[in-house]
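The listed protein sequences derive, respectively, from chains Y and B. Residue 67 in our numbering sits at position 67 of the first sequence; the count goes up by one each step and never skips. Residue 54 in our numbering sits at position 54 of the second sequence; the count goes up by one each step and never skips.
It should be emphasised that the hints constitute simulated quantities derived from the structure, not laboratory data. Hints may be right or wrong, so weigh each one.
What the hints assert, rightly or not - Per label pair, the in silico range of CB-to-CB distance:
| no. | chain 1 | residue 1 | chain 2 | residue 2 | range |
| --- | --- | --- | --- | --- | --- |
| 1 | B | A396 | Y | A32 | 26 to 32 Å |
| 2 | Y | L125 | B | V16 | 32 to 38 Å |
| 3 | Y | S52 | B | V16 | 53 to 59 Å |
| 4 | B | Y60 | Y | V25 | 25 to 31 Å |
| 5 | B | R126 | Y | L21 | 23 to 29 Å |
Stated by the list, open to error - Derived, one-sided and incomplete: chain Y residues facing chain B with beta-carbon distance under 7 Å:
| no. | residue |
| --- | --- |
| 6 | G30 |
| 7 | V42 |
| 8 | L50 |
| 9 | F51 |
| 10 | I55 |
| 11 | L61 |
| 12 | Q63 |
| 13 | C77 |
| 14 | L97 |
| 15 | G99 |
| 16 | V107 |
| 17 | Y109 |
| 18 | A110 |
| 19 | A112 |
| 20 | C119 |
| 21 | T121 |
On a predicted model such as this, the values are computed, not experimentally measured, just so you know. Ideal Cβ placement from N, Cα and C applies to all residues, glycine included.
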Amino acid sequence: MDHTVATQTPEPPRVPRLIALAAKVLAMFGGAVALAVAAVVVVSVLRRWLFSQPIPGDFELAQIGTAVAVFAFLPYCQVARGNIVVDTFTSTLPARLRGRIDALWDVVYAAAMGFVAVCLTRGTLDTFASHEVSMVLRIPVWPGVAFGALSCAFLAIVSLATAHGLMRTRA
Amino acid sequence: MSGTWIALLGFGGMLVLIALRLHVGVAMFVAGCLGYMYLSSGSALFAFLKTNAYNLFANYTLSVIPLFILMGALAEQSGLSSALFRAAAAFMGQVRGGLAMAVIAACTAFGAICGSSVATTATFGRAALPELLRNKYDGGFATGTIAVGGTLGILIPPSVILVIYAIMVEQNISHLFMAAFVPGLLASLFYLVTIFLVARRKPEMAPRHEPMARGERWKHAKAVWPVLLIATLVVGGIYGGVFSPTEGAAVGTVALLLIGLAQRSLGWAALRTSILNTASTTAMIFVILMGSEIFNAFLALSQMPMQAAALITALGLPPYGVLAAILALYILLGAVMDELAMILLTLPVFFPIVSALDFGMQPDDLAIWFGILLLMVVGIGLTAPPIGLNVFVISAIAKNVPLARTYRGVLPFIAADVVRLVLVLLFPGLALGLVHLLA
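Please build the complete structure, drawing on both the sequences and the hints.
In structure tokens, the structure reads:
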């Protein structure tokens, strides 16, 4: 379900090469984590099946791994413009105006994700202070939340970069 | 201002933002945050968001989504879709309209490892469309068939939409997958019949194909054993309760990866593309989920969904009438809105209403049956004008077939969709039978 609706901006806006590269590397890292999650789950299923002894806390590893992978995927989606835009009424607008509107919304997206990053930073501090750990393996929760905060902060930067790119290409 | 009015204002504001090209997920997030703050306080919102995004992403049930997407991407990149199409074409090619039927058959098999309709459409657009056009199939008929075949990606379990529905209404995902099985097979059967009828009425649209030598046929059939084996393993394992959907997706992903590497059909470039496509698609879904979390928290605070349900129940309308009206509304919404966002937005309001209706069945059965009806309506929305996502996807691939021709090609299939919808509406057993049998 990659909703690259045909009426979207045909080419992703230009962003500084370093930002695009970082987003891509981060996404590949997320993919590696997702594959690792799959491998752990498969080994656990095999062990359960062969020795009736699954990996203890396998679902906790899957949870943490999924959270890390998804957070790592977010910035790349913005660079590649994978987010959905419904283009019902604005398709008749001139391309330049549409670009300006999209740039504005990218700034709004940056603000929203910046806010989420701030909230998650607070969440990191709280889970660190309270020594919150997972139930079976007793893995601390805070590093995952911290990774989420960092990733959302980077996503905010990426969105500002795409907004800037949109303003430049359409100007 | 009462909560209901605030909720309606939130809905309206959000729809305006979406119409002005704001991402659906961000629109829900912004409207949800403002509404939540108004009904409670800024510090309550802050407390809600402190760990909400993390807890949402670290949800075991949701972990099935990136894995299913990765599985589909790996299958696509290792060329299994074209292998499936070639094998189906080898056996069905000599019938009139056989190549179009082969698309449906291949999509049915592919749907059992891919949970996304857009991915299915795109992969068969590349794998099968050139072949159909080379054999002088009518352009609109060919693209229409592939757009419709793509919906089998979600109609045949596993399907991302069903996972999200299951989580929202707190139902067992495996049960929903079971319930989708018979209606999904009915969909492919009806599409095959539609192709047969179209090809008979307008033979010029679907020419005959050279029959293939027997040895040639079996060579093609042999090439698809991995995908058939994995599909059986994943779907069968989930149905048989051998493993959870997440485990099934993990097994499928690892199996596809190993087979792809062993057969050298999956190189570094293909693996990289699979991961990047997975990243983009997954992130898109989770941004919408993140927005819907806060928007639905806001709706719950406003108590609007409960009041709407109470109002409808008090009116004492006939249950089937209400259900039909809701489904009709979904078809209309699906024509102008993204399907996933549509479900996430409306379900908190509509599900309590549907739950309050009396169809003389258990609450769990009702929830599962409604989920399957919803899935079929979503399938129609993916191909129906004016915004059928699948039609856009195939149009982007088939540059020389105009959009309007594709829509015309889709029409007979939509008639088949409506017949199937009515059948499952009248005979809930088509969906629930397998659940009762297996669960």
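inquiry  = Quick check on the hint: L97(Y) CB to chain B CB, less than 7 Å?
reply    = violated (11 Å)
inquiry  = Given C119(Y) as an interface hint, is its Cβ closer than 7 Å to any Cβ of chain B?
reply    = Because about 4 Å separates C119(Y) from the closest Cβ in chain B, which is inside the 7 Å limit, the hint holds.
key: Interface hint outcome for G99(Y) [beta carbon to chain B under 7 Å]   = Hint on G99(Y): violated, closest Cβ of chain B at ~10 Å, above 7 Å.
task = Double-check I55(Y) for me: the hint is only fine if its C-beta lies closer than 7 Å to a C-beta in chain B.
result = violated (12 Å)
query = That 25 to 31 Å hint for Y60(B) and V25(Y) (C-beta), does it hold up?
reply = The hinted range 25 to 31 Å holds for Y60(B) and V25(Y), with Cβ atoms some 27 Å apart.
message = Holds or violated: the hint that Q63(Y) contacts chain B, with Cβ atoms closer than 7 Å.
response = Holds: closest Cβ of chain B sits about 4 Å from Q63(Y), inside 7 Å.
Hint check: 7 Å Cβ-Cβ cutoff, V107(Y) to chain B = violated (11 Å)
Cut-off 7 Å, beta-carbon criterion: hint that C77(Y) touches chain B = holds (3 Å)
ask   = Given G30(Y) as an interface hint, is the shortest Cβ-Cβ distance to chain B below 7 Å?
value = holds (6 Å)
Consistency of beta-carbon spacing, V16(B) to S52(Y), with hint 53 to 59 Å = Holds: the Cβ-Cβ distance is about 56 Å, inside 53 to 59 Å.
task = Under 7 Å, Cβ to Cβ, is where V42(Y) needs to be relative to chain B, so tell me if that hint holds or is violated.
result = Hint holds; V42(Y) Cβ to chain B Cβ min 5 Å, cut 7 Å.
inquiry  = L61(Y) was flagged as interface toward chain B. Is the shortest Cβ-Cβ separation under 7 Å?
reply    = violated (10 Å)
Checked against the numbered hints above, the structure breaks hints 8, 9, 10, 11, 14, 15, 16, 18, 21 and satisfies the rest.
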